[in-house]
Every structure is written in structure tokens, then in C-alpha cells.
Amino acid sequence: MAGPVPFKVRRIIQAAPGIKTLQLVPVVPGSFSFDFKPGQFVNLMIQGPGEPLMARPYSISSSPTNKEYLELTIKILEGGRFTSKVDQLKEGDEVKVGGPFGRFFFLDEAKMKSLVLIGGGCGTTPFISMVRYINDRKLPIKTTYVYSCRTPAHILFREELVQIANRNKDIRLVFTTTREWPSDWKFETGRISPEMLRKHIDIGAPGQYYMICGPTEMAKGMAQMLKGMGIADEFIISESWGGGA
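For the sequence shown, this note's numbering assigns the number 1 to the initial residue and increments by one for each residue that follows.
Note that these hints are calculated values from the structure, not bench results.
Glycine is no exception: its CB is placed at the ideal position from the N, C-alpha and C atoms.
Please note that the accuracy of each hint is not assured.
[Unchecked claim] The following label-pair restraints were derived from C-beta to C-beta distances: (1) Gly48 / Gly190: 13 to 21 Å; (2) Lys8 / Gln163: 39 to 47 Å; (3) Gln163 / Leu77: 24 to 32 Å; (4) Leu77 / Gly221: 18 to 26 Å; (5) Thr151 / Gly207: 29 to 37 Å; (6) Lys113 / Pro29: 50 to 58 Å; (7) Gln47 / Gly221: 22 to 30 Å; (8) Gly228 / Pro17: 39 to 47 Å; (9) Pro49 / Lys138: 41 to 49 Å; (10) Lys169 / Asn66: 20 to 28 Å.
[Stated by the list, open to error] DSSO-like, lysine-lysine: derived pairs with alpha carbons at most 30 Å apart: (11) Lys20 / Lys113; (12) Lys142 / Lys85; (13) Lys142 / Lys96; (14) Lys67 / Lys138; (15) Lys20 / Lys8; (16) Lys96 / Lys111; (17) Lys169 / Lys85; (18) Lys90 / Lys75; (19) Lys227 / Lys186; (20) Lys67 / Lys96; (21) Lys67 / Lys85; (22) Lys111 / Lys227; (23) Lys111 / Lys75; (24) Lys142 / Lys186; (25) Lys169 / Lys138; (26) Lys67 / Lys8; (27) Lys8 / Lys90; (28) Lys169 / Lys96; (29) Lys8 / Lys96; (30) Lys138 / Lys37; (31) Lys220 / Lys37; (32) Lys113 / Lys37; (33) Lys90 / Lys138; (34) Lys186 / Lys169; (35) Lys85 / Lys138; (36) Lys111 / Lys37; (37) Lys90 / Lys37; (38) Lys37 / Lys96.
Use the sequences and the hints to build the structure in full.
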């Protein structure tokens with residue numbers, strides 16, 4: 001995509017408390033090629049009447065295999081100058097999209113035999129794109145998605161992820177909640193730890209790569225933890241964000 005392209009809001013989904021998913025379609029059919037890599041991001045641009053154009057980067061949560069629409073999942077921050085505009089969007093409104101950008105994606109599909117995705121909060125957005133892509137392409141990559149959030153209600157795309165894992169034996173889910181969970185909760189509780197990872201993952205298996213995405217401190221902590229478990233830097237791919245409003 002050469003430059004900012006006009007898109008129309010096709011659908012708005014309340015993905016979780018305080019989090020919205022936007023499905024966007026090009027205003028002019030064919031003006032967006034959907035030729036991006038799972039894990040990349042775009043710049044979302046919104047301009048109110050008589051206001052300057054504002055832009056923020058957001059990871060794409062849809063898969064490149066989905067040629068119908070582009071999907072962004074965005075946390076609405078209280079008092080946020082930009083996310084308040086996102087919160088006011090209605091279906092049919094127009095925005096602009098620039099990109100794709102970023103190098104947070106598979107380095108070599110043929111080399112990756114096993115993939116561990118570690119996400120926190122809205123850090124799931126690039127990973128849902130990857131899981132969808134791996135599943136759609138039927139790639140022979142054993143994938144374990146470790147996702148930490150506050151409560152079960154905050155697990156983005158939970159039903160879809162469970163359905164994918166139930167159908168695809170090469171994709172496994174490790175959800176963990178840190179604040180509250182129901183009595184019949186079948187997943188993990190508490191923060192991600194070396195013990196939790198060893199319980200579900202054959203750490204250090206040949207061709208195994210680790211991708212981390214989440215708030216800056218979380219991403220740094222996870223990378224340090226993996227290094228402490230004997231994982232070399234070359235097998236750790238990390239991306240963090242600071243929650244721009």
C-alpha cells in the first residue's frame with residue numbers, strides 16, 4: 001500500500017470490557033492489497049470536523065488470508081485523545097489506514113518447527129492474526145499460545161481461539177488470569193512463570209521460537225525469564241508498547 005487509503009467502518013464489535021474491534025473495508029475496492037504479514041501493524045488515521053488528522057499505530061488482528069476486511073482491536077483509554085475518537089466511530093464512518101509496517105512476524109516459516117506466543121492484555125492482537133494464519137494455511141508449526149489477562153472476560157477472541165484449538169491439534173492454548181476466575185475455570189491462574197511454561201511446553205525443543213508482545217515491562221520481564229531458562233537471544237522475538245492514548 002503506497003500511502004493512506006480511505007476505509008469505511010464495516011462493523012464494530014465490543015470485544016471485551018473497554019476494548020473494541022473494528023472491521024474496515026476499503027472505500028474503493030482493490031485499493032488495499034491485504035498483502036501484509038501476520039504480526040504487522042498499520043497507522044489508523046481519524047480526522048474530526050475542523051480538526052487536524054490524528055494517527056496511532058495498531059497491530060492487525062485479522063489474518064492475511066482474510067481478503068474481505070481488515071481488523072483492528074483497540075483498547076479505549078479513559079481520557080485518551082485518540083481512542084475517544086475511536087470510541088465515537090459508527091458503522092459507515094470513514095477513516096484512513098497507512099501501512100503495513102513492522103518486522104514482528106515469522107522470520108522463516110520453514111525454519112520454525114515450534115512456536116510459543118506469549119501475550120498480555122491487548123498484546124493478543126498480533127498473535128490472533130498469527131494463529132488464524134497458521135490455522136488457515138495449515139502450517140506444520142506446533143504453536144502454543146500463552147495469554148495472560150486480568151479476568152476471563154478480558155480474554156480477547158476466546159471462543160474463536162478455543163474452536164481453532166479444538167480443530168487443530170498443532171495449536172494449544174494456555175490462558176491464565178491474574179485477578180479473578182470462576183470456580184469451574186479449567187485454565188491457569190496467576191502470572192506467567194517458568195513452572196507454568198515448563199508444564200505446557202517442551203522448552204528448548206529444536207526449531208522452537210518464542211514471540212512476546214505486551215506492555216513494555218511485561219515484555220522485558222518475559223524475555224529475561226526465557227533467557228534465565230536457557231533460551232538464546234536468537235530464538236526470542238519481542239515487541240512492546242506503551243499504550244498511546
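Next on the checklist: Tell me the hint numbers this structure goes against, listed in increasing order.
Outcome noted: 1, 2, 6, 7, 8, 11, 12, 13, 16, 17, 23, 28, 33, 35
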